[in-house]
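*Asks:* Residue numbers (the working numbering), protein chains in the order written: chain L, 1 to 164; chain V, 1 to 130; chain H, 1 to 182.
Be aware that one or more of the hints could be misleading.
To be verified - Pairwise CB distance ranges, derived in the manner of DEER restraints: (1) V:105 - L:114: 54 to 60 Å; (2) L:105 - H:168: 40 to 46 Å; (3) H:107 - L:91: 31 to 37 Å; (4) H:25 - L:94: 51 to 57 Å; (5) V:51 - L:105: 34 to 40 Å; (6) V:59 - H:156: 20 to 26 Å.
Said to hold, decoys possible - Distance condition first, Cα-Cα at most 20 Å in a straight line; then the derived SDA-like pairs of lysine to any residue: (7) V:52 - H:100; (8) V:52 - H:105; (9) V:52 - H:98; (10) V:4 - V:37; (11) H:75 - V:39; (12) V:52 - H:16; (13) L:110 - V:22; (14) H:75 - L:128; (15) L:110 - H:80; (16) V:52 - H:96; (17) H:75 - V:4; (18) H:75 - V:16; (19) V:10 - L:82; (20) V:52 - H:95; (21) L:112 - V:51; (22) H:75 - V:41; (23) H:75 - L:143; (24) V:125 - V:107; (25) H:75 - V:22; (26) H:75 - H:93; (27) V:52 - H:80; (28) V:52 - H:99; (29) V:10 - H:95; (30) L:112 - H:75; (31) L:110 - H:77; (32) L:112 - V:35; (33) L:112 - V:23; (34) H:75 - L:78; (35) H:75 - V:43; (36) V:10 - V:51; (37) H:75 - V:37.
Keep in mind the hints are simulated off the structure, nothing from the lab. Cβ atoms here follow ideal geometry from the backbone N, Cα and C, with glycine treated the same way.
Listed here are the chains, written in short residue letters.
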Amino acid sequence: MNTSGEMRFRMLDRIVELEPDVHITAVKQLRADEEYLQDHFPRFPVMPGVLMLEAMFQASMWLVRFSEQFAHSVVLLSEVRNIKFADFVVPGQTLTVNASIQEQHETTTKLKAQGTVDGSVAVTGRLVLERFSLSDRYPEQGTLDPFTRREARREFERLYQPAN
Amino acid sequence: MPTKDEIFEKVRTALIDALGVDDDEVTANATMVGDLGAESIDFLDIVFRLEKAFEIEIPRSELFPEDILTNAEYVHDGKVTDSGISELKKRMPYADLTKFEANPVVQDFGNLLTVSDLCRYVESKVGAEG
Amino acid sequence: MRWFWIDRFVEFESGSRAVAVKNISLIEEQMIGYVPGFPAMPASLIIEGLAQTGGLLVCEHNQFQERVVLAKVTKARFPQPAMAGDTLIYTALIQDIREDGAICRGTCHVQDQLRAEVELVFAHLDDSFQEGDLFDPANFLRTLRTLRLFEVGRNSDGEPLPIPSHMLAAEEADNHQAGDRE
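Based on the sequences and whatever the hints tell you, model everything.
*Replies:* Structural data, given as structure tokens:
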């Protein structure tokens, strides 16, 4: 048993564009064989709204992490406002997620995010992300910080391969 | 009975909560759709909050006269006819339709409603119920 | 991963309120590698747990004959992360149900500690949207039975919640079909 491993709950395929402290663009294709489509819905398979939100969160998370050079080990979603699901995403379509930073504070970041399919808006909303290191809040877990940060960087490198 | 200012403040709070917009974005002349980004799904949220805040009932057709706008009798070539306009005026006496009347394109109607139209609507409901 | 984000209903008052539980386990797919070394439940999936609790409550109000989908998350806040080993208690309250949709407020607790507070807007897909159910009626009923909805379900008089006849009929027809093949 070991606790490292690829992020299974990955809702992005690739980071396409990244401007630290400003903006990120990432994409996610909905594949017809994704298991949750069997249940959502059996007769009308579409990307669940919360997974569209998760894609917006993960893009925002990578923007925050990269911008601070992975200084903190944990970045989580702390608040959302007005997440609107304007349209469905069906298998085969690609959701393009854009997120931009509105405000930066010591432990929180406010972002505006949007997901589009072929230029048409499918989801919008505002997110607040929180960042901290385990040593800040859970001192007994503090020695995990270097491991957590390293694994986060590894995962990021799987998604972001800028052309050289 | 609440004053116009009190009504405006409560309407503003409802819009901020439902639409996630900032305080200063909600001005009297701001349009619900164009300026505040309200979409059809938001109206459910807005209507609920207004009903709760003012203890009134808001039948959908009083704010969204879809039945008039989709009636062949009142719409020709994408524009609302004179009889359609008078129906709209009857249904929504609180709304300022002068701009729309000048060029009554059906598609534009959704963008008509302003924050002050909404306040006047609430005033009419609250006043009527004493 | 499959898409069941509640394990079981423990309370279900038709038209009013429902409580469901969900156990978070380290072995679940979304936990692996999400935050390595810190197995926190993704917030979006907590929203989904509440959406399923509240959505089925809204859906039952019209005898499961409306197509209910999540249209908006007006707001949600997560004061503390929920972790592997926690049992999440989802409580959904109907604020309003109308012809075109419903508004629901929900909380998620671990014991008495708040882990999420959420406001959701559901839409009823109307006729302008393509025809057809979202679920096969017999299988949908089986899912609701698995979640113990009708076991704990009560109507507003406190009487046991009846299963809508159209669903029982679909289940019976399907069982009959399966029986013929044996």
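*Asks:* Among all the numbered hints in the text so far, which are the ones the structure does not match?
*Replies:* 1, 2, 4, 10, 17, 21, 23, 24 and 27
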